[in-house]
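Each protein sequence line maps, in turn, to chains A and B.
Note that numbering that gives the first Met the number 0 gives residue 324 to position 325 of the first sequence, counting from 1, and the numbers run on in steps of one.
Note that numbering that gives the first Met the number 0 gives residue 82 to position 83 of the second sequence, counting from 1, and the numbers run on in steps of one.
Be aware that one or more of the hints could be misleading.
Claimed, not checked - Calculated cross-link-like contacts (lysine to any residue; reagent style SDA-like; alpha-carbon spacing at most 20 Å): (1) K646(A) - I72(B); (2) K517(A) - L57(B); (3) K650(A) - I253(B); (4) K650(A) - D76(B); (5) K627(A) - T251(B); (6) K651(A) - D70(B); (7) K637(A) - E56(B); (8) K675(A) - F49(B); (9) K517(A) - D16(B); (10) K155(A) - S46(A); (11) K646(A) - L57(B); (12) K104(B) - E127(B); (13) K30(A) - H15(A); (14) K534(A) - E69(B); (15) K650(A) - E80(B); (16) K637(A) - L57(B); (17) K637(A) - I253(B); (18) K646(A) - D76(B); (19) K637(A) - R48(B); (20) K637(A) - D16(B); (21) K650(A) - L310(A); (22) K517(A) - F49(B); (23) K651(A) - E69(B); (24) K551(A) - N565(A); (25) K573(A) - R638(A); (26) K637(A) - T251(B); (27) K651(A) - E80(B); (28) K646(A) - E127(B); (29) K7(A) - L310(A); (30) K534(A) - D70(B); (31) K675(A) - E69(B); (32) K517(A) - I253(B); (33) K617(A) - T432(A); (34) K551(A) - K650(A); (35) K675(A) - R48(B); (36) K650(A) - G13(B).
To be verified - Label pairs and their computed distance ranges (CB to CB): (37) E50(B) - S545(A): 28 to 38 Å; (38) R109(B) - G461(A): 57 to 67 Å; (39) T319(A) - E50(B): 28 to 38 Å; (40) L388(A) - R109(B): 32 to 42 Å.
It is worth saying that the hints were derived from the structure and are not from the lab.
Cβ coordinates follow ideal geometry from the N, Cα and C atoms, glycine included.
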Amino acid sequence: MRTAELLKNEFDEKPHGIYAPHYFKYLGYRKNLAAPEVQARANAICSLFTVPEAHIYRNDWIAGSIRPLWCETDEAERTYAQRIVQSFGDRTFIHNADHFSPDYRNVVSNGIPGLLEQIKQSQSMHQGDEKKVAYLEEMKKTLLALQNMILQYAQKAAELQSQEGYDIQKLDFIRQNCMHIATKVPDSFAQALQLVWMCHTSFLYEGRYAMALGRMDQYLYPFYRQDIERGVLTSDFATELLENVYMKIYESRAYKNVDDVVNICIGGMNRKGACEVNELSYCILQAVKNCNVPGPNLSARISPNTPDRFLDECLKVIGTGLGYPALMNDSINIEALKRYGYDEDDVYDYSMVGCIENFITGKQPPWSDGRFDTPRFLEYLFNEGRGILHQSVGINTGSVSEIGSMQDLMHRFEDQLRYGVAEYFAYFNNENTRLNPVEYVQPFLSCFCADCIGRGMDICNGGSKYPSVHGAALMGIGTVCDSLAAIEKVVFVDKAATLEEIRDALLHNFEGYETLHKQLLTAPKYGNDDPFVDKYAVWFVNFLSSLFSQYKTHDGGGIYIAMAANTSNIYAGKEIAATPDGRLQGEPLSDAASPTYGRDVRGATATVNSVTTPDYTKVACGTVVNQKFSPAMFEDGKRQKLLALIKVYMKKGGQEIQINATSRDVLLDAMEHPEKYPHLVVRVSGFSALYVTLDRDVQLDILHRTQQS
Amino acid sequence: MELNVSDIQHFSLGDGDGIRTTIFLKGCNLHCPWCHNPETLSPLPQWMRFESTNLEELCGSMVTVEELIEDVIRDEDFYIESGGGVTLSGGEAMLQADGIRLLAKALHDRGISVIIDTAGCVPYSEFEKVNPYIDCYYYDWKSCNEKDYANVIGGNYSLIWNNLRQLIEDGKKVRVRVPLIPGFNTSGPYSERMCTCLKQAGVTSVDLLPFHRLGAGKYHALGLTYAYQQTPPLSIHIAEHISCIYRKYFDTTIEK
């Protein structure tokens, strides 16, 4: 059994007590409740990093676990601790607290002593500026706390040597590596990885979520190369060490029942256009595959010079059913980021945070984003500014009976969206600025963001090289485009119905309007390579990106748009009345940048042709296009065709593609609930059929084939 | 010029090299009882009603060659990247050789590969109309005797055999495709006879297509009875067993 698997088994034994990081912070605040803001927060962090007792797994080569955060103190004190910590307050996602890709390149190449030295130099540079000198002092304190935490892990490794069931070789490895990195610059791949994982663990101690590991194949590569050349490391062992780390991302699921989303970025090109895939990129790919758990969210940056071999290895991993890595189009992302005036070198060094969000690695404050539900504005358009189901108000753009042309309708819809974007921005900005950045300082996190040390300033208060950015995730491109195309076709081309009739049908969820419903459903749908509807997708991205780009974050950064919404399209859909595309009230909205589920029926090439029509260089945050293929697509022979499909997708300007192998579960579910899968296609030579139209025994034949492959 | 089309399938992966678009042409002059595309047998438009989804669609329409070209070239980038192209299948595609000639010539002139999937039961003059523009024939080979053709499949065995031989002699690339139909052409001796006939025609490579009944739903939708409804699919194990015989004579693959 591999280390990762053995480690996963260790997670079966749950920690005792209650998950209570706030309790450890509280112990720090208690030291001096009246301390100045920065000092108080540094105290909390010092306590948090040094009080919990280090935990090392029997199968660990690389130490660092969130297990120490469970404690068994009495409830009264825990509740009190909560009150104290809440009173000091904390940043949350919307206030730039997590979703951050740290400057690990600086960390591994200079080590903790290097960071401390940078702080010292900055203090002498800012002599006389008391505030900065004091802030740097608190940064230093938190780094020393990290150093302390690392030494505790080293000590723990020494203590455990006498305990049964532990492997002395592993404990020695951990002890030596931790001892080394606490006070010296890492000198091996394992030490560099151990340092990164200690930093990441400390972020987890702080309660941060979706902290990225960034371009691991780049910043760790010099260590990897050096160790291989020295003959002290094999690619197999490097993979095993990586697995050790990635499996621990799964602690969150195992102990807290929450999936963390830790983005890891591999591949990509430099500014000369050369592909930066290296042997370590393959090790990372392999390690994520071997772990086979949610949490390590692998992103592969694909550029025009990415070798087919790398893309093929990515597909093999995806084909295991894992769904990772997400494939990112470097050419598009880089063009999109360049629009915001970042330095070229920084743009080419971008990585992702969270699911897919593009991030200037270690050079901007943590990310925030929100959801912008576009189909809601169709309700206001048809219902004179009022939501039909949705308890909200848009602007009154008049009765639809006044609308005489598609152009007129589009103008009014644009008015609705214009108001909607202003409303979105107001909500975001009010909330984002509500917590005063001067007071909610993050001295520890600031050590991991370029320029904060040099400037002696907080990451969210002028310390970082670039300002904060925000991503507005647009939901429902498919629903909106299908709706506009259906209106154009049925009302203005075929003249088969009026807008009032559509309005009445929407108000009645199509009950009593079956003929009209059918007409709307048979109108062209996004995802079938039909320019009649695809033109609306082009408009959607152009119009909304220009609206959002008029706004700025509180410190002057951009409001990016995204077309990705995880599963929010399902929840958002529950609140939205029937839409003119024929979607019934409460049904999910279209997912992310994908066509409405099941409506792209002309094959993957047609889907690609459609979804590549918008200009994604205007979508700086990123997109998600979900595609499902049968497991047979990942077999030798067919996989090469899938590879070709993806290369064309990238050449045509697609931004991201996330591929899933249709599992047996889906086929089984489709047998029981055919209504959910009207367009699930089964393909064999010279033939394709809709799965749900097949007899039960024939469906079983297919299940059998799936099992074989 | 128009072609009688039952379906256009983009991103076809089982009908030749690379990513292809398969145009299914409607109308066939054979009547193989195991056929998995029953909607392509009749040249007339037919309603298909799928009970499970309550879907109803009219299958079959006349489409101009220009419209077909416009449709298939939308995937040109995919053909180039993957080494794919267009496959004309059916039904019996060769019954519409005049239309195919125009379509295939236009595609050929653009550098797009064209494959025809045929059962070969048309006069050779029909093949001559299209030969210059066809990169490869997928030649269905179901049986090796006159009797089966007369009694089961319909069609003229010697015409089919002669066409196959002639295509090879004329230097055309041909891949023979044998559907493995349980109880019909899967016995050892029968397979040996199949191989002998094919060898005599000059065939060098054969694809074996194990029987499946995925077309059953389409028979129901058309209101027809499927003679092979109760026949379980041919197992990969048996297919491999049969392939041992073919392998003695040909470069043989089993299509899944």
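Do the hints match the structure? See the list:
{"no.": "1", "hint": "K646(A) - I72(B)", "result": "holds (18 Å)"}
{"no.": "2", "hint": "K517(A) - L57(B)", "result": "holds (15 Å)"}
{"no.": "3", "hint": "K650(A) - I253(B)", "result": "violated (34 Å)"}
{"no.": "4", "hint": "K650(A) - D76(B)", "result": "holds (9 Å)"}
{"no.": "5", "hint": "K627(A) - T251(B)", "result": "violated (31 Å)"}
{"no.": "6", "hint": "K651(A) - D70(B)", "result": "holds (18 Å)"}
{"no.": "7", "hint": "K637(A) - E56(B)", "result": "violated (30 Å)"}
{"no.": "8", "hint": "K675(A) - F49(B)", "result": "holds (15 Å)"}
{"no.": "9", "hint": "K517(A) - D16(B)", "result": "violated (39 Å)"}
{"no.": "10", "hint": "K155(A) - S46(A)", "result": "holds (18 Å)"}
{"no.": "11", "hint": "K646(A) - L57(B)", "result": "violated (35 Å)"}
{"no.": "12", "hint": "K104(B) - E127(B)", "result": "holds (13 Å)"}
{"no.": "13", "hint": "K30(A) - H15(A)", "result": "violated (27 Å)"}
{"no.": "14", "hint": "K534(A) - E69(B)", "result": "holds (18 Å)"}
{"no.": "15", "hint": "K650(A) - E80(B)", "result": "holds (10 Å)"}
{"no.": "16", "hint": "K637(A) - L57(B)", "result": "violated (31 Å)"}
{"no.": "17", "hint": "K637(A) - I253(B)", "result": "holds (14 Å)"}
{"no.": "18", "hint": "K646(A) - D76(B)", "result": "holds (10 Å)"}
{"no.": "19", "hint": "K637(A) - R48(B)", "result": "violated (32 Å)"}
{"no.": "20", "hint": "K637(A) - D16(B)", "result": "holds (10 Å)"}
{"no.": "21", "hint": "K650(A) - L310(A)", "result": "holds (14 Å)"}
{"no.": "22", "hint": "K517(A) - F49(B)", "result": "holds (16 Å)"}
{"no.": "23", "hint": "K651(A) - E69(B)", "result": "holds (19 Å)"}
{"no.": "24", "hint": "K551(A) - N565(A)", "result": "violated (25 Å)"}
{"no.": "25", "hint": "K573(A) - R638(A)", "result": "violated (37 Å)"}
{"no.": "26", "hint": "K637(A) - T251(B)", "result": "holds (18 Å)"}
{"no.": "27", "hint": "K651(A) - E80(B)", "result": "holds (12 Å)"}
{"no.": "28", "hint": "K646(A) - E127(B)", "result": "violated (37 Å)"}
{"no.": "29", "hint": "K7(A) - L310(A)", "result": "violated (28 Å)"}
{"no.": "30", "hint": "K534(A) - D70(B)", "result": "holds (18 Å)"}
{"no.": "31", "hint": "K675(A) - E69(B)", "result": "violated (33 Å)"}
{"no.": "32", "hint": "K517(A) - I253(B)", "result": "violated (43 Å)"}
{"no.": "33", "hint": "K617(A) - T432(A)", "result": "violated (26 Å)"}
{"no.": "34", "hint": "K551(A) - K650(A)", "result": "violated (31 Å)"}
{"no.": "35", "hint": "K675(A) - R48(B)", "result": "holds (18 Å)"}
{"no.": "36", "hint": "K650(A) - G13(B)", "result": "violated (24 Å)"}
{"no.": "37", "hint": "E50(B) - S545(A): 28 to 38 Å", "result": "violated (48 Å)"}
{"no.": "38", "hint": "R109(B) - G461(A): 57 to 67 Å", "result": "holds (59 Å)"}
{"no.": "39", "hint": "T319(A) - E50(B): 28 to 38 Å", "result": "holds (36 Å)"}
{"no.": "40", "hint": "L388(A) - R109(B): 32 to 42 Å", "result": "violated (51 Å)"}
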